[in-house]
Amino acid sequence: MESLAYILVLGIDLTPEGEVELYAQVGLPSAEPTRGGGGEEPVVKTVKAKGKNVTDALDQMFLENTKQPFLSHLRLVVVSERLAREGLERILDFFRRDVNVRMNIRVAVTQDDLEELLSVQEPLSRQPSLAIANQFFINSQRAGVVEIELMQLLTELLEPDREAVLPLIETSEDRFALGKTAVFRGDKMAATLDEMETFGLLLWRNKVKRGVVSVTPSPGSEAFSYRILSSDTRITTRWDGKKLKVRAEVRTVADIMEMHGKVKGDLGQLASRFIVTRMEDALGQAQRSGSDFLGIGVALRRQNNRAWRELRGRWPEVLREAEFEILSHVHIRGQGQVR
Amino acid sequence: MDYKKPHKRYRTPRKPTGIKDKTGDLKPAQVSANLEDNVRAIQNTFKDSLDFIVRRISFGPAGKVRMALVFLETLTDKQSFSDFVLEPLNRLSFCEAEATKIPGRIIDILPSALKVEEEADWEQLEKKIVTGHGVLFIDRYDRAVVLEARKWSERSISEPQSEAVVVGPREGFVESLITNVSLMRRRLRTPNLVMEAIPVGTTSNTNVVVCYLKGVADAQLVKQVRERIAKINVEAMHDINLINELISDVKFTPFRPFSSTERPDKLAAALVEGRVGLIAENSPMALIIPTVFWQFFQSSEDYYEHYPLSALSRTLRMLAFFLVVGLTALYVAIVTFHQEMVPTQLILTMAAVREPVPFPTVVEALILEIILEALREAGLRLPKPAGQAVSIVGALVMGQAAVEASLVSPQLVIVVALGGIASFIIPDYSFVIALRILKFLFILLAGSFGMFGLIVGYVVLGVHLSSLQSFGVPYLSPVTPFKWKDMKDIFFRAPWWAMGKKGPQRAGGGEGA
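These protein sequence lines map, in sequence, to chains C and E. Residues in the first sequence are numbered from 11 upward in steps of one, following this note's numbering. Residues in the second sequence are numbered from -12 upward in steps of one, following this note's numbering.
None of these hints come from the bench; they were simulated from the model. Fair warning: this is a prediction, and the values are worked out from it, not measured in the lab. Cβ coordinates follow ideal geometry from the N, Cα and C atoms, glycine included. Among these hints, one or two may not hold up.
Quick partial rundown of chain C residues pointing at chain E, CB under 8 Å, derived from the structure [to be verified]:
hint, residue
1, MET11
2, LEU14
3, TYR16
4, PHE80
5, LEU134
6, SER135
7, GLN137
8, LEU140
9, ALA317
Looking at chain C on its own, in the form it has when it is part of the complex:
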């Protein structure tokens, strides 16, 4: 137990020479507070290694360290944008085969320098890897971030009817920032989504269960906020031989969280319009990048398999020309506790 180096976060980059570079954030046992006190010493140490592939780099890590790298406690794999654009295939084979790696670890992409990212000392928590894991959990619960586990990433990459997405992780001063999303076409990163588009993506994928949304009805007016209590998205597809018709219907139940002055218009309709706009934004990105990360292909494959088989070869084109109808019904159920 004491002779193992517990790798908690693994950063993977590609050198300009095309080598795989690993940044392993190792939890330091001695830095853990066992008898009160402490707290000032670093709790993690990042070690680096290069190699022809992930296995080779890990092997180098063995040679250069006094402890045996141990991957069973890995919480997060962060891939550099360079590697993501180059293609994930290069590294994923290792994770599929290695028995020590758990399938529920989170995977993310970063546009920042990996070494810098892994040296962030999160101020609210002692252990950065656990802090990131918790940050992912909290934000995925409130529909702020896409949370992708290794198993899901592999499925999305292997299935022909869907494209993968990964959360973008950034450093913001002394902490991590989440909210943006990297979308893939095949195993290569194709585009990024901002926070609003990410919310749209989550609506399309029916991953919104809870969360708070702030809507500004018109420029200059005061925003009102509502809390989503439940949300359900249904996508129906129809292929008439010439054109794909897609209908997305979102049913949301919400409570008012905050409201100032008098809001012009029906609250439910204003909220619905906000939802539709977010979904349209995400759809726009999907059409532009030619990557169906929204799950429309998944819906067609299940609803009309024959049409899917016919269309899968030219799917980006079909998606671009498809006719979309996005509907949203927001039911404002309560006013919150007005005391």
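Fit chain E to the given chain C structure using the hints.
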């Protein structure tokens, strides 16, 4: 000159009569009609016993009727002899003619407060003397009168030490067989309660009482118990637990074939269930036959406490079984082989404190377990106040010092201590000792093969337990072989109203009901 041989009178040695006992002493086979012969013979047997008393009595006209009362004063009540033998005889007045008839009528003359019988067999007489009887030899009478006036110091009935309860009766068996039998009679007031005494031990002649309820216990089982006890060939039997090994079906197992109890209420309950009990002289415990594995998790309290409350205790005891046998082993397996099973934060802390410890976890665990066992034994044998001091020194001072000296890691101290506490949850002391032996085997298995070794250990343990039998009853019954109707008192005790009239009848596989 004729040499005249000096006249020398030779006395022809009297031809020895009687039989030789195993010490080589010659003894008469029967009581003689000559008082002096009898007294000489009995004095010869007990010549080195400081408590042997011969009291000569003569009464009647001119002291015509001569008698000798012999007894061991440490086992008998001298006052009884005085009150019920000497006094009544002195008060008698009869003429010379009548005096000759006295010997044959002595039993009629003596008051009936004493248990009186006649005996002619010499060996039996000796046995009677060593079991606290007085023997009255009468001149011109070839039978002796045996007077029962046993009295010796004995412990009074007290609360059982090893089976203390919060709810329920507080009486425990004592070393006196008669007291123990009376404790049982008081609990089962039925003529069907049979108490058969079988002497065991060629030298000790200890009475072992087979007790059962006629009509409830299986006759075949009772017969088998009787036969096996009769076959016991030992010199002395000092405690009932000796029988455990002598009459068991299986010879090689750490588990006791029969459970023993200090509690008369527990034995009474077992008899009602159709089991057979064994009580012995000089032993404050009773054996219950047959015994099944699940009995070791049962305590008398379970039956007196409200049933949902007893379910909690029973579940805890079952859990304790796994904690005692496998907790330390599980820790060793995880730390040595399966580091991925520990939560990240915990493993970093554990690794930090393990770092300065120089021994592999399995050695560390064995050291701590041996210390724990030593402390437990030390605490047991010492007088109570000293025992407590040892526990405190052991637990607080040594534990803390060992951790600070980096000899052991603090997590292991917690694990071992938890296992130690769990061992006190199980009510049967001997059963826990068996588990403690297994614990060491499991630690070695876990240290060598990890979780695989642990699982193999449990499988082998399961197979072994399934192969055991207690007087023909499978040790794991009624769980395997499964009997649904007997499951009411295994993992939980069913409410009394759901048990039926006789309570947990045959629960635990008692075949006899």
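To see whether the hints hold, each was checked on the structure:
Because the closest C-beta pair between MET11 (chain C) and chain E is about 5 Å apart, less than 8 Å, the hint holds. With its C-beta approaching chain E no nearer than about 6 Å, LEU14 (chain C) sits inside the 8 Å limit, and its interface hint holds. Against a cut-off of 8 Å between C-beta atoms, the interface hint on TYR16 (chain C) holds, since the closest Cβ of chain E lies about 6 Å away. Of the supplied interface hints, the one on PHE80 (chain C) holds, with its beta-carbon coming within about 7 Å of a beta-carbon of chain E, less than 8 Å.
For LEU134 (chain C), the interface hint is violated, since its Cβ never comes within 8 Å of a Cβ in chain E; the closest pair sits about 15 Å apart. The beta carbon of SER135 (chain C) comes no nearer than 11 Å to any beta carbon in chain E, farther than 8 Å, and the hint placing it at the interface is violated. With a cut of 8 Å, the hint placing GLN137 (chain C) at the interface with chain E holds, because the nearest CB-to-CB distance is about 7 Å. Contact between LEU140 (chain C) and chain E, as hinted, is supported at the beta carbon level, the nearest pair being about 7 Å apart and thus within 8 Å.
With a least beta-carbon distance of about 45 Å to chain E, the hint placing ALA317 (chain C) at the interface is violated under the 8 Å criterion.
Violated hints for the displayed structure, listed by number in ascending order: 5, 6 and 9.
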